[in-house]
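Protein sequences appear in the order of chains A and B. Whatever position you read off the first sequence (first residue = 1), add 1072 for this note's numbering. Whatever position you read off the second sequence (first residue = 1), add 27 for this note's numbering.
Because the hints were derived from the structure by calculation, they are not lab data. Keep in mind that the hints are not guaranteed to be accurate.
To be verified - Derived DMTMM-like pairs (lysine to aspartate or glutamate); straight-line CA-CA distance at most 25 Å:
| no. | chain 1 | residue 1 | chain 2 | residue 2 |
| --- | --- | --- | --- | --- |
| 1 | B | Lys188 | B | Glu31 |
| 2 | A | Lys1087 | A | Asp1126 |
| 3 | B | Lys64 | A | Asp1134 |
| 4 | A | Lys1207 | B | Glu220 |
| 5 | A | Lys1207 | A | Asp1331 |
| 6 | B | Lys64 | A | Asp1331 |
| 7 | A | Lys1205 | B | Asp41 |
| 8 | A | Lys1087 | A | Asp1331 |
To be verified - Quick partial rundown of chain B residues pointing at chain A, CB under 7 Å, derived from the structure:
| no. | residue |
| --- | --- |
| 9 | Lys64 |
| 10 | Thr69 |
| 11 | Met79 |
| 12 | Ala81 |
| 13 | Gly82 |
| 14 | Leu83 |
| 15 | Arg86 |
| 16 | Asp110 |
| 17 | His115 |
| 18 | Thr312 |
| 19 | Asn314 |
| 20 | Ala318 |
| 21 | Leu321 |
Positions of the beta carbon are idealized from the N, C-alpha and C atoms, including for glycine.
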Amino acid sequence: MTKNKLAELMARSLKVREHIIRMTAGGGCFIGASLSCVELMVYLYSELLNIDADDLQNPARDYLFLSKGHDVPALYGTLAELGFIETSRLQQHLLAADSVYWHPNRNIPGVEFHSGSLGHLPAVAAGVALDCKLKDQPNQVMVITGDGELNEGSVWESLLVANAYQLNNLTIIVDRNQFQANIRTEELIPLEPLADKFAAFGCAVRSIDGHDLSQLEATFKTLPFSDNKVNVIIANTVRGKGLPSIEARVDRWFCAFNDNEILQLLEELHGNKEAIIESESLTVR
Amino acid sequence: MNYEELLVQTASADERFVVMTAENRALVRSAPKLLGKRFIDTGITEQTMIGMAAGLALRGRIPVVHALAPFLTMRAYEFIRTDVGIAHLPVKLSGYIPGFLSDGNGPTHQAIEDVAIMRGIPGMEVFCPADEDDLVRMLPAIWQSDAPSYVRINHKQGRYKHADFEKGKAEIISEGSDVTLLTYGFLFNNTMEAKQLLEKEGLSVGLVNMRSLKPVDEASIIRCATNSKLLVTIEDHLQTGGLYSIVAETLVNQPHKAAIFPMALKERWFKPGLLNEVLAFEGFTPNAIAATILKQL
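With the rest of the complex left out, here is chain B (with noise of 0.2 Å):
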């Protein structure tokens, strides 16, 4: 099942469900014929949108909320943290093209602050998927919970087959002692293929995919920084709020031998081109990914 089929049956199902979007409709296409007026379409407002989910979510609707990452989250920013946060209105935010997905269409279009700025709202929940399968795996538990949600949508197919999803847990694909991997969202397929191309120079190598990043798993990112030498945090977000800080924020005041070293945007936008480009350009490929960290350790 995809995203798309899954939101319809679950809309089809339940009367409290809406689906709202700023003419964004790629993820949506056959909402409007089978959900008919409970798909709404608010045109190029993303602030209107917010604002109207959070007025259908106060009659006891459901709205999953559909926009470009970096419009829903930032155009909409205020009307996301006061209408939908202060209230804690169950408007489910499902961001588009986030991070490097946004491939060519250049920095305005660039959600890499999307994490830290979602995250900053109180009771705010954020979750990124690493592959479809994952995606598939974590939405009914989030659209069914009574909080605001935020998740990065990624519906890349993915290779690998993800353990069922608990809010606030990390899915621990393998334990290392010399290095571990955190990662979430789409860099989670290079990453893997990165951790095979270090196994191969006789490392031992954990890898987690932190899924849920708010609640996020800290007992787990605690025992990652017990067991290894090193802990890496590999994310397409600025270094600043995203991954690496919440580690750095979980382990500040924790014992820890391992040392945290952060791949990820640096005060800057990533270069714009075909997915494949950005990545060689950014040192986010497989031999890339592992490359960085061989110098680290």
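Looking at chain A on its own, in the form it has when it is part of the complex (with noise of 0.2 Å):
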């Protein structure tokens, strides 16, 4: 990746990151696992997918589903960043008059799919990839799955049968974070040694450091990684990145937090002051 391009998405993650913060108040939203995807939104959206924002539906194009939902933050700031959605859309965050929830939902141009409940991407996607291949298309059919989605079985299910139709045009990128709501993933369902699992239900894996765009170009450039095989990417993330405070932090999964606080997170984003949060902010979904 060259220097200018780095450069450029550097910045274009540090504005979607803004987006999240300020998608916090009036109501809050899953700051922890959205900041954690951010450079794969911004690197899959601005670098890799065949997405044309001004032609949504055509059937040629590639596909990204998130399957764990609630980061939906993070893709709606790269969406607005993108051109896809007006910027002042995400103000309407939480208001009925828009569609701007806490999960995807397909009123937002670009969203392919609603999710929610955990564990029902993989499938739906294996049915995108599938028909693809039906049809001898090319397009890319991208998953995003949290780590603590992967104790649900449909996703491992949905594995083996992707797996039995060789749907190499099929990638999950695991949001590697290693938290779930309440816990860190290792300390309630262990799931590692995670790639080990993969590759043992048939998959090609790669496991790299999501939040490093040099690694990410490098490594979804090398797409497929086999001829017959699902991919998984194991992206290694940091649950709250880019903000100190809240970084690998248990209680700070959903956070409301208010304007002053929102303003000193803001900071704290472009390396000032660490904030100091008062808002109580452990709110179980």
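Using the hints, put the two standalone chains together into the complex.
Next comes the structure, spelled out in structure tokens:
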């Protein structure tokens, strides 16, 4: 990746994080899981996916499905920065007049499918990938899952079937931020050795730093990893990435902040003084 | 023409159709050979099959999806509700061996709440054919529609030549002033024989094939409740949520003089056995149906 390109994507990632922080106002959002997948969203939509904002129903487009769903502020921020939606729509967050709420839905241009119930979109994406194969089209189909989401048996069931149908146009990206809602994944239902589990299910697996844009490019550019296996990219990330005051903290999952805290967090994001958070922020949704 | 011939013919003529199964091939034996890659067997994975069907429908396909009715409607329920229902995708669910047709399998295999839970999904349509003739008459309209649907597959041979199918319309076999029998699915045949037994007793008996349960023919239900002294709902389904509930929901705000009596499974699974054993034990032979109704008159 060139220096200029890297700088451009880093600047865009910063903008997306600003959007996410602002979406914690007026009711809050799932900030931690959104901040962990910003570089993924920015890289995929800016550099990799063949998706035209002016031709969103083109059957030759690539597909990205958000299976964990509650990371949707990262998607909305990315779609706003890339012109899929008006940035002003983000201020409609949680208003009934718009459809910008806590989980993705197809009323937002660029959202391929709704989610929120975990463990659904690997199967839906496998259906899309299978149709692309049946029609001999070269589309890539990607799914971002959470790591906590991997508790759901339906994820693994879908992988069995997708590998039986040799869907090497399907890529599962795990946002491996080490947390599920209330606890570290390894303290509840341990996932490790995770790469081995995916490999045992027949997938071709890569494990990378999910915040390193150069690594993202180096990895995604080599897709498909084989001619007959589902691709899995374990993106090792940090929940709450970019805000030291909330990074990797179990009590910073769903957060609703007041205006003063948001201003402080925006300062913190840009490397200034660490924010002092006083709001009650552990909210179980 | 039978179910399988109609399915393969429809799919052969229209590339949008894909035939899916969770390794239940009883109804689709010829599909792999005739449809090639548009026959998709996902193995014993009802949830994945429904999720993939939603994905295929997103791409413009019309998936006709097969599994045993209890596993299709219950193992995969949330996938049907969330992936097919919320998106209102044209996924066509074919549930095999519903109701009493699971005969000797036992309660694990008894789909006797399927009508209740499927009609609870906004936009989902529900159809219950009386026999193979009824089934084959209704499927073209169901498969060509934009709506998701659930069909209680019943390909038993009947003795009645049915009228053409219209979605949302019941098939009025006869009208009667003493009693009207409302039924659907496999029990239609025995109910028709029960009607003849009741007529021998000098009664005026109506019979309605409620083949389209959602949308349902409310006007016909209301008319029967106006013209008959007694309505009897006859179904191989739990008493809660099926036809008895539909009739109650329809009539609760309507002036009517008819009493309503349910013949259904009340808070219990049925006794497993060969089909004739089940019908005798549960009181759904023609004689048993007629005797139960006579006691109500």
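How the hints compare with the structure:
1. B:Lys188 / B:Glu31: Roughly 20 Å separates the two Cα atoms, so the pair holds.
2. A:Lys1087 / A:Asp1126: holds (22 Å)
3. B:Lys64 / A:Asp1134: holds (22 Å)
4. A:Lys1207 / B:Glu220: violated (51 Å)
5. A:Lys1207 / A:Asp1331: violated (51 Å)
6. B:Lys64 / A:Asp1331: Judged against 25 Å, a Cα distance of about 56 Å means the pair is violated.
7. A:Lys1205 / B:Asp41: holds (18 Å)
8. A:Lys1087 / A:Asp1331: Holds, at about 18 Å.
9. Lys64: holds (6 Å)
10. Thr69: Constraint on threonine 69 of chain B satisfied, holds at 5 Å.
11. Met79: holds (3 Å)
12. Ala81: Holds - the Cβ of alanine 81 of chain B comes within 7 Å of chain A, reaching about 5 Å at its closest.
13. Gly82: holds (2 Å)
14. Leu83: Holds - the Cβ of leucine 83 of chain B comes within 7 Å of chain A, reaching about 4 Å at its closest.
15. Arg86: holds (4 Å)
16. Asp110: holds (6 Å)
17. His115: violated (11 Å)
18. Thr312: Violated, about 42 Å.
19. Asn314: violated (47 Å)
20. Ala318: violated (48 Å)
21. Leu321: violated (50 Å)
Checked against the numbered hints listed earlier, the structure breaks hints 4, 5, 6, 17, 18, 19, 20, 21; every other hint is satisfied.
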